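Residue numbers (numbering that gives the first Met the number 0), protein chains in the order written: chain A, 0 to 419; chain B, 0 to 419.
The hints are simulated quantities; they were obtained by calculation from the structure and are not laboratory data.
If you're wondering where the values come from, they're calculated on a predicted model, not measured in any experiment.
Don't take every hint at face value.
Chain copies aren't distinguished; within one or between two, either way the pair holds.
[To be verified] With a Cα cut of at most 20 Å, we get these calculated EDC-like pairs of lysine to aspartate or glutamate: (1) Lys289 / Asp80; (2) Lys33 / Asp394; (3) Lys289 / Asp306; (4) Lys33 / Asp14; (5) Lys384 / Glu231; (6) Lys33 / Glu231; (7) Lys289 / Glu327; (8) Lys171 / Asp118.
Protein chains: 2
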Amino acid sequence: MAAAAPACIDTLRIDGARLWASLMELARIGATPKGGVCRLALSDLDRQGRDLVGRWATEAGMTLSVDRIGNGFMRRPGRNDRLPAVMTGSHIDTQPTGGKFDGNYGVLAGLEVVRTLNDHGLTTEAPIELAWWTNEEGSRFVPVMMGSGVFAGAFTLEHAHAARDLDGHSVKDELQRIGYLGADRPGARAVGCYFETHIEQGPVLEDHGVTIGVVGGVLGIRWYDCTVTGLEAHAGPTPMALRRDALQVATRLMQEVVAIAHRHGPHGRGTVGMVQVFPNSRNVIPGRVKFSIDLRNASDALVGAMDADLRGVAAKLAADTGLPIGIEPVSDYPAQAFHPECIAAVQRAATKLGYSHMPVVSGAGHDAVYLARVAPTGMIFIPCKDGISHNEIEDAQPEHLEAGANVLLHAMLERAGVAG
Amino acid sequence: MAAAAPACIDTLRIDGARLWASLMELARIGATPKGGVCRLALSDLDRQGRDLVGRWATEAGMTLSVDRIGNGFMRRPGRNDRLPAVMTGSHIDTQPTGGKFDGNYGVLAGLEVVRTLNDHGLTTEAPIELAWWTNEEGSRFVPVMMGSGVFAGAFTLEHAHAARDLDGHSVKDELQRIGYLGADRPGARAVGCYFETHIEQGPVLEDHGVTIGVVGGVLGIRWYDCTVTGLEAHAGPTPMALRRDALQVATRLMQEVVAIAHRHGPHGRGTVGMVQVFPNSRNVIPGRVKFSIDLRNASDALVGAMDADLRGVAAKLAADTGLPIGIEPVSDYPAQAFHPECIAAVQRAATKLGYSHMPVVSGAGHDAVYLARVAPTGMIFIPCKDGISHNEIEDAQPEHLEAGANVLLHAMLERAGVAG
Numbered sequence: 000m001a002a003a004a005p006a007c008i009d010t011l012r013i014d015g016a017r018l019w020a021s022l023m024e025l026a027r028i029g030a031t032p033k034g035g036v037c038r039l040a041l042s043d044l045d046r047q048g049r050d051l052v053g054r055w056a057t058e059a060g061m062t063l064s065v066d067r068i069g070n071g072f073m074r075r076p077g078r079n080d081r082l083p084a085v086m087t088g089s090h091i092d093t094q095p096t097g098g099k100f101d102g103n104y105g106v107l108a109g110l111e112v113v114r115t116l117n118d119h120g121l122t123t124e125a126p127i128e129l130a131w132w133t134n135e136e137g138s139r140f141v142p143v144m145m146g147s148g149v150f151a152g153a154f155t156l157e158h159a160h161a162a163r164d165l166d167g168h169s170v171k172d173e174l175q176r177i178g179y180l181g182a183d184r185p186g187a188r189a190v191g192c193y194f195e196t197h198i199e200q201g202p203v204l205e206d207h208g209v210t211i212g213v214v215g216g217v218l219g220i221r222w223y224d225c226t227v228t229g230l231e232a233h234a235g236p237t238p239m240a241l242r243r244d245a246l247q248v249a250t251r252l253m254q255e256v257v258a259i260a261h262r263h264g265p266h267g268r269g270t271v272g273m274v275q276v277f278p279n280s281r282n283v284i285p286g287r288v289k290f291s292i293d294l295r296n297a298s299d300a301l302v303g304a305m306d307a308d309l310r311g312v313a314a315k316l317a318a319d320t321g322l323p324i325g326i327e328p329v330s331d332y333p334a335q336a337f338h339p340e341c342i343a344a345v346q347r348a349a350t351k352l353g354y355s356h357m358p359v360v361s362g363a364g365h366d367a368v369y370l371a372r373v374a375p376t377g378m379i380f381i382p383c384k385d386g387i388s389h390n391e392i393e394d395a396q397p398e399h400l401e402a403g404a405n406v407l408l409h410a411m412l413e414r415a416g417v418a419g
Numbered sequence: 000m001a002a003a004a005p006a007c008i009d010t011l012r013i014d015g016a017r018l019w020a021s022l023m024e025l026a027r028i029g030a031t032p033k034g035g036v037c038r039l040a041l042s043d044l045d046r047q048g049r050d051l052v053g054r055w056a057t058e059a060g061m062t063l064s065v066d067r068i069g070n071g072f073m074r075r076p077g078r079n080d081r082l083p084a085v086m087t088g089s090h091i092d093t094q095p096t097g098g099k100f101d102g103n104y105g106v107l108a109g110l111e112v113v114r115t116l117n118d119h120g121l122t123t124e125a126p127i128e129l130a131w132w133t134n135e136e137g138s139r140f141v142p143v144m145m146g147s148g149v150f151a152g153a154f155t156l157e158h159a160h161a162a163r164d165l166d167g168h169s170v171k172d173e174l175q176r177i178g179y180l181g182a183d184r185p186g187a188r189a190v191g192c193y194f195e196t197h198i199e200q201g202p203v204l205e206d207h208g209v210t211i212g213v214v215g216g217v218l219g220i221r222w223y224d225c226t227v228t229g230l231e232a233h234a235g236p237t238p239m240a241l242r243r244d245a246l247q248v249a250t251r252l253m254q255e256v257v258a259i260a261h262r263h264g265p266h267g268r269g270t271v272g273m274v275q276v277f278p279n280s281r282n283v284i285p286g287r288v289k290f291s292i293d294l295r296n297a298s299d300a301l302v303g304a305m306d307a308d309l310r311g312v313a314a315k316l317a318a319d320t321g322l323p324i325g326i327e328p329v330s331d332y333p334a335q336a337f338h339p340e341c342i343a344a345v346q347r348a349a350t351k352l353g354y355s356h357m358p359v360v361s362g363a364g365h366d367a368v369y370l371a372r373v374a375p376t377g378m379i380f381i382p383c384k385d386g387i388s389h390n391e392i393e394d395a396q397p398e399h400l401e402a403g404a405n406v407l408l409h410a411m412l413e414r415a416g417v418a419g
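Same shape as in the complex, but just chain A:
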């Protein structure tokens, strides 16, 4: 659909200083003393963030419309405005002790793309849309990735509207209160393709000294609660041979969770994050240990293989020790591969711009995972300091932020086409 691009397009670059200034200005809304941001979904601060981004978009000539779950769509018309939009976006809500970049970068990188097109008087063939998605973080309301999930039909608008925070406020009431209960039916927009720029939230790019991560997809996840039942007894009077120590069996299985991840590499991940010991007393042999298991891998087949491995290991351990081991499924998020054409567009853009790049997978969920259910989707990762996010010390380098936005610009231009 793309018209022949003018020769000058290849040299087009976003304005890194302007992007940085916008990031810092948005980060003032909900700024924490430690340098982070607390801007919970549908709070007064979230309203202020939405107001600011909406104003910037309007100033950049875009029109804002809001749907019934509060997703905001800022549209820049294309020459052929009936074409489905080339969309980008992310979220502007944060964790309670969140950083300046998670989500916010994806929204403001998209704004910077539009500002750059404006600077050069460029019209795209297809329209361009910039979205913020409501409540990606899920800190205040569950489920997480709420706005994009409703948009993609992963769950219903009614389900999302009914979610309540700890104070009993519902999503619907809070949307109304902050003025962002829109009229549009979620998912009613035509999306030609979707790109999302995001800090990696992991250490891989930094570890490799690479600027751009070309994201191939998002890992599938299975969560379990595991319980090992032994016999609570006094640590003193009970000889080793007569113990039924639930923790000693549980720790062997906790080791196996990591071994399973290594057996199903390179993308296999296994984590025990949460442990409860009963009765949790210094001189009592644990009678019961409950712990979480988080398994991830690049395809549902690989996650399934890890699941089978886990169950086999646990059954053998239970048989060997005589202690019952219960494994209860908690959640199951399928793996999501991104679209080959979108992946290729990101890779081509990074190559053209001369940035070091590598294929990566996303271990965490993003709005792009749900968008991938309704449109060809790709993601662009940039490094974040020490791989840390969901933390007030979350940090990213201006040159990486700029590079990611340039890749977004050129990937979107490739897909939208330049009208000349």
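Model the placement of chain B on the given structure of chain A, informed by the hints.
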């Protein structure tokens, strides 16, 4: 010092039914719906228990005196009343969800010995004393084994008096309130030797099908707090190779605690009872894990060898993984061997009475541990169901309770001598 015993002495037996009836009557004070006892130290219920036992002792012709930490001494004169007393005793306070036998059995077995001597009009050469020791359990006030500890000079009366419960009540005020702040200076009594009868609180006797445990001593104990420091990170975006997972290192050390106990058998014991994971979130790789270590063995040298083993293993693990491991000593209770003559007296009594018996060690602390610092001491264990105590389902068989009291009777008679 013993005069020649009358020939009938060898056939002397306590009254098992009377012992059982007394145990059941005392267990009504603080009885819980689940069949246990809650009689916390220096509570109104503890007063009622003391009143009842004191009344029984008085009815059995004994004189009661109370010292300044509330220990009660019930004395039956000897023919040569200037000889140091042959003493027995235990405690009548319980855990919040305690059983009918822990402590109470040791006191009432001693009472039954005196009642039996009365039944047969027997006078001993040396006086016999029966003690209850204040606050053995330590549930309401610390330190544990408070009354016997003050008696033996392990810590001062002032220190014990100043201890407060969670509501701010001091030991001294509560002793006064319940009428058991006596006048005697703790430790001012001459103790010729001390025997204590107790349920095993462990599974060894039951496992061996043996009635009497001849206790050789009490294991030495060292308590530690161990902290492994890693790096908190998202479970999703962090590949296995780039993790610094504190729990994975901590679980290896938890396994080693048990391996160390096995390497220092047969009495080595190693327990991890308490675990805290930070931040303890399902999808966050643990950044820090803190856990308790409890090491026990039959001599201070063996406990010291386990300590060195632990430190060596931890240092190697820290070097191998690059994660710092801190080991903080919390408490150190030396091992306490009982007196060869008292051990032999218990063994001879069990042999004479035809009860199956075996040498055992006590893994838990008892008042006898402190008494052993001031007088030759021995202990008699009997089985308890499934080795369970500190639990409302704590249980013991009447024939075992009877057997233990018979062994106590004959061991005390051997040491006190029968005047005829």
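Now the hints, each set against the structure:
1. Lys289 / Asp80: The answer is neither: 56 Å in one copy and 60 Å across copies each exceed 20 Å.
2. Lys33 / Asp394: This pair counts as within: shortest intra-copy Cα distance 12 Å, inter-copy 57 Å.
3. Lys289 / Asp306: Only inside one copy: Lys289 and Asp306 sit 18 Å apart there, 29 Å across copies, limit 20 Å.
4. Lys33 / Asp14: Answer is neither; intra-copy 28 Å and inter-copy 74 Å both fail.
5. Lys384 / Glu231: Between. Shortest inter-copy distance 14 Å satisfies the 20 Å Cα cut-off; intra-copy 45 Å does not.
6. Lys33 / Glu231: between (44 Å within a copy, 18 Å between copies)
7. Lys289 / Glu327: within (11 Å within a copy, 26 Å between copies)
8. Lys171 / Asp118: Classified as neither: same-chain Cα gap 38 Å, cross-chain 83 Å, threshold 20 Å.
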